[in-house]
Amino acid sequence: MASCLKKFARTALSALFVATVTLLWSGSVCLAQPKPEEIPVEPFVVQALERVQKSEWDLLLKDCDKLLETEPNKASAILYRGVAFNGKGEYDNAIKEFGRVIEQGGQGPAVRAIRADAYAHRSMSYTKKGEYLKGIDSAYFALLENSNHILANNNRGLAYIGRQQYDKAIWSFDRVIQLDPKSAEGYSNRGFAYGAKGNFDQVIADQKKAIELDPKLAMAYQRRGAAYVAKNDAVNALKDLDQALAINPEFPDALCDRAQYYGLAGSMDRAMADLNAALKIDPNFAKAHYQRGRAYLAKKEYDKSIESLGKAIAIRGNDANMYSVRGYAHQAKKDHEAAVQDFTKAVELDPKLETAYKGRSDSYKKLGKSKELTADLAKLKEFHPAPAPKTAKKHDELPSRFQVASKAVPASKRPEAIRSAKEIDRLTGLNYTKFNVQPNPKTSDAQFLRRIYLDITGTIPTYQQTQRFFAAKESDKRSLLIDELLSSDGYASHYFNYWADVLRYTDNLSSDVRGEPYRQWIKQSLAENKPWDKLVHEIMTAEGLTWDQPMAGYFQRDANMPLDNMNNTVRIFLGTRIGCAQCHDHPSEHWTQKEFYQMAAFTFGMSTNTGGHDKRYWEKNPGDRLYTEYSEIEQEEEDRRNNQYRFDRLMSVNMRLVNDQVDRKIRLPKDYKYADSKPEDIVEPKTVLGPPAEIRTGETPRQAFARWLTSKDNPRFAMTIANRLWKQALGTGQIEPVDDILDKSVPENPELMTFLESEMKRLDFDMKEYLRMIFNSEVYQRQACADEVPLGEPYHYPGPNLRRMTAEQAWDSFLTLAVVDPDEYREMPSKIRSEVIGVNLNEVSAKKMLEAEFKSAEIDGNQWKRQTKYTYKGVLLARASELPSPVPANHFLRMFGQSDRELISASATVGSVPQVLFMFNGPITHMLLEKNSTIYNNVMRKKTPVDRAKVIFLTILNREPDDAEIELSKREITKNDLAGYGNMIWSLVNTREFLFVQ
Amino acid sequence: MKELLSKLGLVDRRRFVEYAAKSMLGVTVLPTLGRYVSAEEATGGKAKRLIYLFMNGAMTHLDTFDLKPGHANQGDTKPTNTSVPGAQISQFLPMLAQQFHNLAVIRSMHTQTADHEQGEYLMRTSYEEIATERHPSLGPWLQQLKGRQSKTLPDTVLIGAPARHPGAGFFDPTFSPLPIGDPNRGLENTKAPEYLTDESFEKRIDLINGFDKKFRDKFKVKKVQSYTDFYTEATGLLTSGELKAFDLNEEKNEDRDRYGRDSFGQGCLLARRLIENNVRCVEVSCGGWDMHSNIYNGGTLPARAGIMDKAMANLLKDLNDRGLLAETLVVLTTEFGRSPQLNYNAGRDHHPAVFSSVLAGGGIKGGQFYGTSDAAGHSVATDGVAPADFNATIATALGLPLNKVVFSPTGRPFKVAHDGVPIGKLLS
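Taken in sequence, the protein lines are chains A and B.
The opening residue of the first sequence carries number 1 in the numbering used here; numbering runs sequentially from there.
The opening residue of the second sequence carries number 999 in the numbering used here; numbering runs sequentially from there.
There may be inaccurate statements among the hints.
[Stated by the list, open to error] Straight-line C-alpha distance at most 20 Å; calculated PhoX-like pairs for lysine-lysine: (1) B:K1201 - A:K975; (2) A:K970 - B:K1201; (3) B:K1221 - A:K727; (4) B:K1212 - A:K970; (5) A:K942 - A:K970; (6) B:K1216 - A:K442; (7) B:K1189 - A:K873; (8) B:K1211 - A:K950; (9) A:K96 - A:K74.
None of these hints come from the bench; they were simulated from the model.
Only chain B is shown next, with the shape it has when bound in the complex (with noise of 0.2 Å):
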């Protein structure tokens, strides 16, 4: 068997891997979790598409989402109430409190780490980094397991996201988020040189294939082929009007003061143009949560979340107003929560004990608190959260399939969001 297989090319050996953990890894077994996990799945799938708010540096949970006035942890955030009697949230967040008939929060989650780097490569892969594989993140999941949905457009747009965003993980490069650095600046490199002819661009084209005919002639491979195609491709939306989707100019300007007119507020308008124009996938970032001192002073807490309120906010009311929310989850996170005292700088630390989450929109049953701190915000009280559950949660709204296992090209494998238990009083 050995001999055959180091004859075998890369390609043929990657399939006896596959055969090989299969079978002694036992996943063609329904897996432990088999039962529960299709229970919820008929409640799922209702979201087709995905719209996840990564607040980078680690969001404060007691002055957003879950308070604790009267106690000595809280500091000087006062509870604001909602459009939900009797729930109340940040006073920092006025817009989101109207918005709270639409929002799931999960107030019991938990990670492992408190380094910056690993708790958002957990959240948004379900699985711990490690230097030997890389874990896709949820958007190229979506075009794994369902297929890319628009022609011409990307299936993952990351609007400011870090560069260790791990992207496409292990999938075929082909699956990597398109990024976009400032939602201002939208696509960028769509614009020819002012010194060529006014003439048009198909007439350029040509040119190129004018001169590039007797490579191709000689050369017909894949990798070539492969590379007109991504021209073809390029030019399509070059020249489809589909670039549009990309440009926030074409957006009233009252609308873009609405959202805010910092990055976060446009990315989130962008995020919506897009999502109106067939993008499955769109990740905004926002950083500058890692607080460490003088939240209140100087109004770093109140302005960072005025921002995320703002902007997530509006999102909402305007993909519900257009009819979207229905089927599109909008997911706001982060990697873990802040230390509930204040350190003696007036700031807190980094937390992975219990933070908070929210979920709303496509297959969210909204206006509920979800799982519970402890009285210091400290610890999870009832119905912990990793990670992993978070993420089955929002495969499952997605329709994705939780057990199916896919190998990497290394021989490992993996699933989309690990062995995570959706949850299933989330889920409408």
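Same shape as in the complex, but just chain A (with noise of 0.2 Å):
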């Protein structure tokens, strides 16, 4: 009996709760459905209501017919034709006439609400058909006009049990009783749809319910009942669906499910008498006619049970499972060829049906069909694949992580720097002389070491590095260093934080044009040392989407801002500000409005857009095929509206490629006062500094501009990289501010500045070289200038000023201290999400471009994933360099001032209390003071106070504590022992000390 009854459980969950959904009860129209108050209900609704509760159909059509004749449009009469209509099982009938209510259009509530219903009616003849996403649809249309609509949410959800969509139909029935606590039956649908997803406890539960709020409610029987069944509890089962027939003994459901029982009980003609009862009931039932064939088919009546299939599939020709059962019927009648015909349709029909392939391959093997046997005993296969090697796996976990290939600087070109460095201190102190400055002493090793670090790789030195330089004993060790760590990844992280605060980088550049690419390629030219003069051409001629020319991104940065890019290229690579120019002529400087658009004339024409009609990039316009093609994509109406904005923004984003518009014009603005022009004159290129630009045949203005621009004639170009680089090695500008340089500014010293720029063109723009010179200078060897120079004072270089970290050197120093292999994560490279979104739009289908937006989600959720395993509370352990950008508000890199990325060279270093907060008690601060953090092993490592103190000291910062240092350290750990080294720990990070760079 048990196994007899697990069987029927197996039976029971294929046919009643996969099978078909039209033991569904056509009595849920009678659903409780409050009218909106203002609404007066008409008599004749009410009258009509009173036929649907007595499955009056056909006096409920006369009633609807007489008032049809004395007003032909009443909608309330059509609605219930319709309803009558779907009693009576007439669907397409049915369908006509709702579809006759909803076409009358118009907006008064009275009118929506009675679309509505039609809406809502509509949804279950389609389901009821077999139609389930236009049942779905159906309800949404309905929903869209009253969301509280329950017959809506309830139809909707059936329909989702038809479209298998369980959780969905859960959702559905949620809101139908959360509208409406009271609804019996939609606790019993949501049992019905928690069935179907295997959870029999909520089915009985929802059904008990039911029962309780309808204890007339035979369906809820009948369902507990088969959850018994599954459940194996035979007696409550065969009670319940006695029950059901008890209270509607015309109940086709109930008999079916009785049947089934009988039949695997034994009793044979039991069940046939409940499937003849059934038929009779509704000739049209389907499940009877799939039942009794299934009966037959035990019976090995096998032409009878032909016929019965035959019969359900007639009725309902889209269950693979009908199909299946009839090809075993003709297999065991040995006809082979009809039953691969059959097996055949219903793996069309349902792919994952599993015992159809069985049955076929059956068939194959019969029929001696040895290929067509192998393609399906492979596909039984797949249904059980063997587990996946585990090799294989770990290769998957392994993250993918981008990472630079960094040029070293070459060993044969030190003479000529250290030459070069000779001539920077022989200038310098020439103003010395002059200005009667004296320069400070040299730094002490331990000086030098830590400012080294942390001004080529943004990070102070781990206690390995320092000990491993103190140890030393070459008489260049210095100048090597230099060579090391200018050649090291570590230059292209610093580097690429100092030029993102510059460009304004943000990881989304403009409406979805995401910024990876771009970063990706700026960190790689800098690693590479590509020429400052070469990386600024290719952003300047950059044409194409990022992710084919990442340097695009720059022109992505200020999309459709043409008059702003102008501005901030020319104060990023001229060191000038034009910006004032943009509204009025400059008030101090010589530059005009008018030179101001004569310059911006050379980029006017570069659009970071192109439309479809533009047919230098598209042979059609793609999106013309490409709407009609995702308009005919079989889903949900509401899926397809949500997925609309994905779609376009996928599209677009495929359109977003920096291009030149040689018609594009630019024109003085409305309100150009001066009298050099009208308003509105077009204005053609022209520069104003240097020698001109000239514009070659073939060639775009903006490709003279970029020739201009990058020059070693251009007047400010070598010179504005040479200062800025300048400021970075010693902290103040030769001219200041480095981005405001005035025709007239003069430099604090001329001769050197003058050295510099010619160094730089000298050296064709290679920054490593021209940094390995000023770093090998004894100007930057020096110490730190100690003494206060007032504001307003030119300095004079006796040595680099003393300078806060910035907000990047104080994360990546406290990585250093706290991560055992801080540059471990690294960023996803870019080209993985970009060979998924980038699509050729000139052939790619809908569904392709669907899929691909779907599939970059599921990467950017795999991304995030990906960085959790690098989380230590909510805080990701990597590199600025390797972080998004912006980050929150609230991250450590913002509270010490990194720039929100909205300005150019935002970034500050001043202080404020929620910094020193992050400092006390911040999650880094705890995570040093934990196990197994750097500085942790590196104290467990030494044995004696003195040592650990010594490592501590070395660690944090780079040098050897003093006698005084080693006293106060003696003290605290004698008191505190092993938390004293905590206590130390925390006091030196949180000195100035730690967080200036001497």
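Make one complex out of these two single chains by using the hints.
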């Protein structure tokens, strides 16, 4: 009996919960639907509802027709005609009537209410026909009219069941119950959906609730009965099914279920009697035909089985199980050709129907079709995949990391750098004499070490690096270290942070154009030491999509703001601000408003977007074709609308390519007020600095501008980068601010500035060699300036300025102290995403586009998961250059002054209270003091208190403690033992000495 | 002159640019609106503090404060009566309806952009967003024009604000508002790591100072000294007991429930605590108003409006009960409105032509509507109010000088509410 019941449970599952929805009781039209108060209920409707209660469909039709004689367009009469047809099972007629109501249109509350009803009822008609998607959509339209429409929610849930989307069905019924907590149908239907998911306890609970609310709800007993069967509870199962039939003897579903029970319990006659009874009530009841087909098959009456299944299929032709069972009947008759035909139809309808493949493979075997047999056997294997080998899995877990390839500085050029460094020192010395400045003494090895690490790699050195340098005996060990660091990946990381601040780099450049390709291009360009003029030239002449031409990100950052963009370009690359002239002649410089427009004219034709009509890129407007295709993708209307935005976005992102539109000319503003031109005059490109930019034939103005901008003849290009990098090393520019050079700006030391500029040109804009020269100079290697330089006084470089670490230096230094391998996490290579979202709009199908969009969301999700592996207390432990940009406002980096990337060079190094709180108690401080932090490991390797104290000093401040500090440490450790080390670490990271770069 | 200038440092040049701008742009001359403004100023200045509630994503006016009953555009929202006879607002705001006598509802706001970021920026700063300048928001303006209020607590606190908040703009970074991400967590990083000994906090500060002595003796410069000042300030805050101002656990559970256990509700409660503790300006953000689809279905609109209703109404009530409402200006605003016609997704799109905002409390004449939109809720019909006018009204209520020109480091002149005109009828 037990095994019999289990088998029954399985059958019940496939037949009851999956195969059919026709069992759904049409009585759900009675679901209570509160009418909006202001709409009076017509007497006709009251009468109609009574007819519905009694299932008097023909009488209801007559009532409606009578009313329509006098009022031919009466919406409620048409609606109830539809309801009546639904009741009679004439769904096509019903759909027609509901369509007539919907077509009437209008926006008044009463019209909308009745339209909502029509949509809701029509949903049921479609569901009954097995057109579940239409059923879902029709209910959705009803909900757009009235979100609180109970019947619409209910019917959408039923359609979802039909489409086997049980979670969505459950949400729909949740909503029914929420709107009407006394809805027995709502509970019963929800339980039914749970059953389809295999949660039989919830079926029983929901049906119990339904029965409490409506003890006469036969459907609830029937469903509970089925659940009991699934749970092997034969007694309760039969009791419930009998009860369902006691309440409603004409209940075909309960009859079917009981038939199955009897059949499996061995009483085939009783089973047949129940099935016959069911078919007497409803001759078109597909499920009963189907079950009869199964019963005949069990009885080995194959022809009768095939006949019954044929009837079932004629009624509902889209059920894979029906075909599959008929296939077995044909097989039993040794009609393998027919069997294969049915099995094939079955797997067409449901590619996951294993039994159909099994049956077909047997028939193929009998037919001797070995090729087909092999294919089916392979398919069957797929249903039971062997566990994947472990090595493969491990490979998947390795996160993909974007890593730069750094180019080393050649040893051969060192003498050259040192020669130039000497010239810097000679020129600096001239100003010491001239202004009577006492230069600072040379740095100690400790001071130099810490500073050079921070200045080149953006972090303090580790304990091991510190020890190694102190132990080194070479006389030129400083030069060697400079070379080593300039050759390391740390250089690109640190200088990326600098340029990200200058370029206002953001991960979302503009309107969904992602910045990662650009960001990785900047990093790689720095790492491989791309000459500055070449780098800028590539930016200025970029054309295309960001994932093909990543440097196009520069223009995307200022998309649709061509004037601001020119303003930024001149400021960043020529150290000159012309923004004032955007609106009026510059108040103190020679720039006029017209000159500003002449400059802007060079790049004004550049666009960061293309239209679908642009023949250079698109054979035919891709939007026209893709939107048509999109509307034909089979998906819920609600999904279609929700996905539309994402679809649009992906399409537009693929059109965001930087290009030149030669016809686009810049005009003076409407309120132009100077005498030299009229408002709205077209302005031709013209440079106002240095030699004119010549636009050669076949060249865009942008290309001419790029050549002019990056030329050695440009009076400000080399000067600006030379001055910027000088400031990076020494803390103060020869001209300040470095991006506000005026015609009359006088450098602190004009000869030195001239030399620096000429070196930049001589080195062909090789930034690593240029920095190598400065770092090898005595002036760089002097101690930091301890005196206050009065504001407004020029700074004559007795040594570099004392500087607070930048936000990124502070963050990266903390990581060096806390995390064993802070470089392990790297950002994801941008091409992983680009390869998915980059599509060829000339040929891609809408379906592929939508898939690409989902795939890219999945990639983002994986990226998120990948990050959480490297997260401590919600903080991603990665170098600042690997973190998102901008980081949230409450991130360590922002607290310490990292730019929000809105304005050029907006970072700051001033203090704040939250900053101090971060240093006191932030997650990274916590981490420092935990087991297995880098500093913890360093300390624990040593044994004596003094050695340990020394390690702490060497790790945090990269210097040996002096006697007084050793004494203070010993006192702390004696008093608090192990915890004393914690107090020491905590205190040292909170010193000003830690946070400032000497 | 220019030669001299180039030899001067940055500061002196700035001073010169200020001078040049003043003389050239005529700022020293009374602005055209001077007469009108001075008349208004006589009635301003009653508010001492500001609570600024920002509805991120653009709050629908038709479903909150500017209903059009009977018009095809209305959608499912019904009007409800308020504590002021004849005045109706949305059924989804039943508690605010009971506070209507405290509210001045502007139904004729209009702005220039339908872009979220630009709209938010304009609303918070009165200036259009440009790439070359960052304008300050209201809290830092208050600090600039009135001086810092509390020694230990920050002047402005932002609760749940987006990262792109203009903050202190071009003012000194020390004016930056203190950001609180999650009101339930309050001010973060105030708990010491467990590994540290229990000995008093001062002892550990002594240890810092001991280790740092050599460095500080050598580098007696301002930037190091100012850091030491921040340490003193942070230490003061940690030991002052004022941290409790940030701690919602100090509130009774029923009070926390009353405001709603969502981030906006708790944010409003935290705003009240901070205001009680002498913080001058608190901004609380409430996201989720960007409702392009299905606003009635699934309850997006009722839920969001409910959150706002509960939190703001309880805030007003509590401030009133504590006698603080008369001195505290409460502002509710958003970046723009939502299209009056429902779109085909039963949602509403971006709509800058008209929208609603609310002022309440200190310096405000409550119980009134100001301005009207047209019958369709599409455009301003009467008494249009631009963001700058709105901010000028706020600034006037707070007693800020509208004509005072402050120069940014780039030498450009700016005013607290740009050239906005305050609305006299709203001021008490």
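When the structure is checked against the list of hints, which entries are broken? Sort them ascending. When the structure is compared with the hints, none of them turns out to be violated.
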